[in-house]
Structures are given as structure tokens and as C-alpha cells.
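Participant: Letter by letter, the chains look like this.
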Amino acid sequence: MNNESLYRTLKSVAMSVLEDAAFVFSDELPGTARPSIDDWNPAGVSLSFTGETSGVFRLWADEALLPVLAANMLGLEPGSADARDKGADALREMVNIILGNFLTDHFGSEAVFDLGLPSPADPARAMADCSGDSGVWLQVEGSAVLAILDVNHPRAPDPSGKAA
Amino acid sequence: MAYTVMVIDDSETIRSILVRSLAMTKLPIDAVVQAANGREALIKLREQWVDIVFSDIHMPEMNGIMLVNAMQEDPELRDVPIIIVSTEGSTTRIEELKKMGIRGYLRKPFTPEAIRDVIVSTLGAWDEQ
Chain A
1 MNNESLYRTL
11 KSVAMSVLED
21 AAFVFSDELP
31 GTARPSIDDW
41 NPAGVSLSFT
51 GETSGVFRLW
61 ADEALLPVLA
71 ANMLGLEPGS
81 ADARDKGADA
91 LREMVNIILG
101 NFLTDHFGSE
111 AVFDLGLPSP
121 ADPARAMADC
131 SGDSGVWLQV
141 EGSAVLAILD
151 VNHPRAPDPS
161 GKAA
Chain B
1001 MAYTVMVIDD
1011 SETIRSILVR
1021 SLAMTKLPID
1031 AVVQAANGRE
1041 ALIKLREQWV
1051 DIVFSDIHMP
1061 EMNGIMLVNA
1071 MQEDPELRDV
1081 PIIIVSTEGS
1091 TTRIEELKKM
1101 GIRGYLRKPF
1111 TPEAIRDVIV
1121 STLGAWDEQ
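Those protein sequences? They're chains A and B, same order as listed.
Residue numbers for the first sequence follow our numbering, beginning at 1 and rising by one.
Residue numbers for the second sequence follow our numbering, beginning at 1001 and rising by one.
In case anyone wonders, no lab produced these hints; they're calculated from the structure.
Note that beta-carbon positions come from the ideal geometry of N, C-alpha and C, so glycine has one too.
Hints are not guaranteed to be accurate.
Stretch-level coverage of chain B by chain A, calculated; a stretch enters the list once three of its residues show a Cβ under 8 Å from a Cβ in chain A [as the list claims (entries may be wrong)]:
1. 1015-1023
2. 1087-1098
Partner residues aside, some chain B positions facing chain A, computed with beta carbon under 7 Å [said to hold, decoys possible]:
3. Ser-1011
4. Glu-1012
5. Lys-1108
6. Pro-1109
Listed below are several chain B residues computed to face chain A (Cβ distance under 10 Å; list not exhaustive) [stated by the list, open to error]:
7. Asp-1010
8. Asp-1030
9. Ile-1057
10. His-1058
11. Met-1059
12. Pro-1060
13. Arg-1107
14. Thr-1111
15. Glu-1113
Between the sequences and the hints, there should be enough to build the whole structure, so can you do that?
Facilitator: Below is the structure:
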């Protein structure tokens, strides 16, 4: 499988969903600006999928970003207790929307997938994900975000799809 | 005439977004009933009249597909229009759901305009029956 194509689509979809659903703009985070796991304590959400292919999607984000997502998605006062309380759910829903849109964009509109339920990512995975070579690093509102996709049996993307 | 809308999603965030978006449609919506999964939705649907249902697919306890089946099998509920709200864009899945009886499909992220359009097209046709 062409991982470069996969991550190109994932980056495009993640940035688009963050903008459309959470009204935040993002840029690719250069390697020199990426945090090391030693001084990064991100919140992580994991979501599995099965169907034409199967795998797991993980999204790691600065804790500080979660209330921003919640505030923007729900029209709450930034910095409010309500926004802080709903931050984790907002991140779970972002994972859901990003993965769902990615699977269609990358594998085509006829492919059928079943998504699991978003759950907290195993903190033990954070180190491996952060130090690995794959994944999409984004800078969102000054916070680092890392999107990782582990595909079990990858197949080529739909050539007529919307892959970036 | 004001409508009663039901929104079903295990994510409180999405339910809140749907409620806000429904308010932004400026449609005559009298009440919004919320449920976190299909099982809870069925209980509430049997307790009160609902004009239209917006439901996610992937939920714990009873998912959206199971809910559609359950509503189709219940004479009291089979004519209540269901709109699926999901992240998936599979045309195969959408066609399967339409054959099962859903009246529309909204892909996340959605806009208030898209919600308004689906309510008008669905309940407008509903009113003509």
C-alpha cells in the first residue's frame, strides 16, 4: 500500500473536518516543532474500523485544545467550565467524523465500513506513535495534534475517489 | 403546526449540535427529544409523538440500523420518518438503508441549512400523505 497516499488523504480530511466542524484552522507541523513524548501529555482517542479493510485510527491532541473544540462546536464560552467538561466528548466526535470522511474519500463511495465506538487511546501507545515516522502532525490553534492510522490489510485507494 | 423532533446519538456533543442547528433552521419546532441510543429512543417513541427522527448509526446497546428495523416492525412507528446522520459516505450503505425505510441521510459535519432542507423535503412530503 502507498502509505504516502493514505496520509496525504488523511491530512487533507483532518484539516477540512477541523475547519468545517470545529471552526479551527490547522497547518502541517514541521518536524522541528513536534513535541517529544517526554514533554507532551496528549489526550488520545482510538477508533477501530472493519469492512473492505480494517484497522485503527488514533488522534492525539494537546489537552488545551479540547475545550477549544468543545466551545467552537457547541457555541460555548471559551474557557468556560462547560467547555472543559465537554472537551473529551468533542475530541471523540472529531475522531469519528475524521475517520468516517477519510474512509470514504480514500477507498471510494461504494466501500462499506463499520466503525467501532471511540474510546480513550492507550497512553502506552503515545510514545510509539510520537516517535514513529508515520502519521500526520498538525498545528491547531497553537496546539499539536497527531493522527495515526494502522491499516491491517491495506488496499489501493479508489482511483476515482477524492484522495488528495 | 409545530413539530417534535427526536435526535439520537451516543455523543452528547452531536446531540447538542443538532439541537442548536435545529433552532437555527427557524422551522416551527416545538420540542426536541433526545436519546443516547436506539433502545432509549424506542422507549421514548412509544411514550410520545415524534414527527421526525434524526439518528446516528454507530451507538452502543442498539445501533441505528437495529433501530430502523425495530421501527419498521412496529405498526405505531413504521411511518415516523427517520433521517440517518452519520460520518459515513458509502453509497452502498445509504442505498441499503433506504431499502430498509429511511427517508434521508445527512453526512457529518452537517450545516443547519442541510438539516432544514431534509426536514422540509421529508415533512413536506409527509404532510401530503
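Participant: None of the hints should be skipped; say for each whether it holds.
Facilitator: Hints and how they fare:
By the rule of at least three residues with a Cβ nearer than 8 Å to a Cβ of chain A, the coverage given for the stretch 1015-1023 of chain B holds, with 3 such residues. Check on the stretch 1087-1098 of chain B: 7 of its residues sit with their Cβ under 8 Å from a Cβ of chain A, so the three-residue criterion for coverage holds. The beta carbon of Ser-1011 (chain B) comes within 5 Å of a beta carbon in chain A, closer than 7 Å, and the hint placing it at the interface holds. A hinted interface residue such as Glu-1012 (chain B) counts as satisfied when its beta carbon comes closer than 7 Å to some beta carbon of chain A; here the least separation is about 5 Å, so the hint holds.
A cut of 7 Å between beta carbons decides the hint on Lys-1108 (chain B): the least distance to chain A is about 5 Å, and the hint holds. The restraint placing Pro-1109 (chain B) at the interface with chain A holds, with a minimum CB-CB distance near 4 Å, inside the 7 Å limit. Against a cut-off of 10 Å between C-beta atoms, the interface hint on Asp-1010 (chain B) holds, since the closest Cβ of chain A lies about 7 Å away. For Asp-1030 (chain B), the interface hint is violated, the least distance from its beta-carbon to any beta-carbon of chain A being 22 Å, above 10 Å.
With 10 Å as the threshold, the beta carbon of Ile-1057 (chain B) comes within range of chain A, its nearest partner Cβ sitting at about 8 Å, so the hint holds. Look at His-1058 (chain B): its Cβ gets to within about 5 Å of chain A, closer than 10 Å, so that hint holds up. Interface restraint check: Met-1059 (chain B) against chain A, minimum CB-CB distance 8 Å, threshold 10 Å, status holds. Look at Pro-1060 (chain B): its Cβ gets to within about 6 Å of chain A, closer than 10 Å, so that hint holds up.
For Arg-1107 (chain B), the shortest C-beta to C-beta distance to chain A is roughly 8 Å, which falls under 10 Å, so the interface hint holds. This hint holds: Thr-1111 (chain B) has a C-beta 9 Å from the nearest C-beta of chain A, less than the 10 Å allowed. The interface hint given for Glu-1113 (chain B) is broken, as the beta carbon of that residue sits about 13 Å from the closest beta carbon of chain A, more than 10 Å.
Violated hints, listed in ascending order, are 8 and 15; each of the other numbered hints is respected by the structure.
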